[in-house]
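A.B. asks: Listed below, chain by chain, are the residues.
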Amino acid sequence: MVVNTRVLEWAETDLGVAGEVREVVRAPAAVLSTLGETVDPTSPDVVRLAADLVATMRVSPGCVGLAAPQVGVGAKVFCVDVSEHPKTRGHHGTFVLCNAEVVSGSRNEKAREGCMSVPDFTGDVKRPSRIVVRGWLPGTGEEVELEAEAFEARALQHEIDHCDGLLFLDRAAGAHAVYARKTYL
Amino acid sequence: MSDVTLHAITVLGHDRPGIIAETTDKLAGLGLNLEDSTMTLLRGHFAMMLVCEGAAPDAEIEQALAPLTADGSLTVTVREVPTEHVEAGDGTAWVLSVHGADRPGIVSAVAAVVAGAGGNITDLTTRLAGDLYLLVAEVDLPAGADVAAVEGELTRVAADLGVGVSLHPADADEL
Chain A
1 MVVNTRVLEW AETDLGVAGE VREVVRAPAA VLSTLGETVD PTSPDVVRLA
51 ADLVATMRVS PGCVGLAAPQ VGVGAKVFCV DVSEHPKTRG HHGTFVLCNA
101 EVVSGSRNEK AREGCMSVPD FTGDVKRPSR IVVRGWLPGT GEEVELEAEA
151 FEARALQHEI DHCDGLLFLD RAAGAHAVYA RKTYL
Chain B
1 MSDVTLHAIT VLGHDRPGII AETTDKLAGL GLNLEDSTMT LLRGHFAMML
51 VCEGAAPDAE IEQALAPLTA DGSLTVTVRE VPTEHVEAGD GTAWVLSVHG
101 ADRPGIVSAV AAVVAGAGGN ITDLTTRLAG DLYLLVAEVD LPAGADVAAV
151 EGELTRVAAD LGVGVSLHPA DADEL
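Residue numbers (the working numbering), protein chains in the order written: chain A, 1 to 185; chain B, 1 to 175.
Hints in this document: simulated from the structure, not taken from any laboratory.
A few of these clues could be false.
No more than 25 angstroms apart at the CA atoms, straight line, and that leaves these computed lysine to aspartate or glutamate pairs for DMTMM-like [said to hold, decoys possible]:
#1 A/182 to B/123
#2 A/110 to B/123
#3 A/126 to B/151
#4 A/126 to B/173
#5 A/110 to B/173
#6 A/126 to A/147
#7 A/87 to B/151
#8 A/182 to A/124
#9 A/110 to B/138
#10 A/182 to B/140
#11 A/126 to B/3
#12 A/126 to B/138
#13 A/110 to B/102
#14 A/182 to B/53
#15 A/110 to B/171
#16 A/126 to B/123
To be clear about the criterion: a stretch of chain B counts as covered by chain A if any three or more of its residues have a C-beta under 8 angstroms from a C-beta of chain A, and this derived list gives those stretches [to be verified]:
#17 3 to 13
#18 62 to 68
#19 108 to 117
#20 120 to 131
Glycine included, C-beta positions come from ideal geometry on N, C-alpha and C.
Whenever a hint applies, use it, and build me the whole structure from the sequences.
C.D. replies: Right under this line is the structure:
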């Protein structure tokens, strides 16, 4: 995997605004099942939203990513930071992407996912473990393309799904692939 | 006449440690072989459904399991069932997910769409957690089914119910 150094170097301080912690909404909130709107990554509202997403992720135990619909905003913006997670291999640290999409993917793997917006369930989901993602950095609006693998690839697809109005429940591997959560982070 | 005798057995009721151990011990004592089974908790109630094979008559099985029902906390049914021949279909396998705010009629409305397309639900689980209702079903659609039309109808029905629906292929990775 080739790390995109521009994305790796990016930090939320680049946004120039202090993020505020927002309340995380839970299913069945309609915004979680609504296709997010494409945004202008340079708009001040999007920059503030990006900072808020990172701030909210930081204070949420075990959280490795958060998408705008999860704070009640139907927009294609999300943050990710898997750097501290034990399942992580290569990673790009903390970053926010706008209007991101998966360009290509390969090597499907099944793993159990949880979500702050679906606190009572976990579920087995099969996703490509190597992907290429294209998106735009908030603030500067630079277009970036990055390769991601393993846990970072899974986190990115989970967040991009949120921006498309999809939950991991929509990708459950089968009728017995959703489980009641027994431990909470 | 088939030389294989199958019995469908259900055990339902108040959960406690030991139900599975006691039930299966009685069945083993009668020389019955557990074949397919599902055992789970439904909103805290224990639920066991199984099909077992063996020559013991239903009445004898009921008698053996009678101690389970003695305190009234469990209900047991035993019924001989014929051997079913499951034909390998030439249709396609799908996983259907529905989630949204709980309300009556979600399962019936979604199942009606599947049935209307000639589809067969082969497994279905629903869960309620707080206000979130979740249905995940495995669906076989007949060969030549218009999947896009089924998806469209599911989306229309789901919108009426205020829930989200998705249908994706249940593809197995052959190793």
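A.B. asks: Which hint numbers doesn't this structure obey?
C.D. replies: Result: hints 7, 10, 11, 13, 14, 17, 18 and 19 break, sorted rising.
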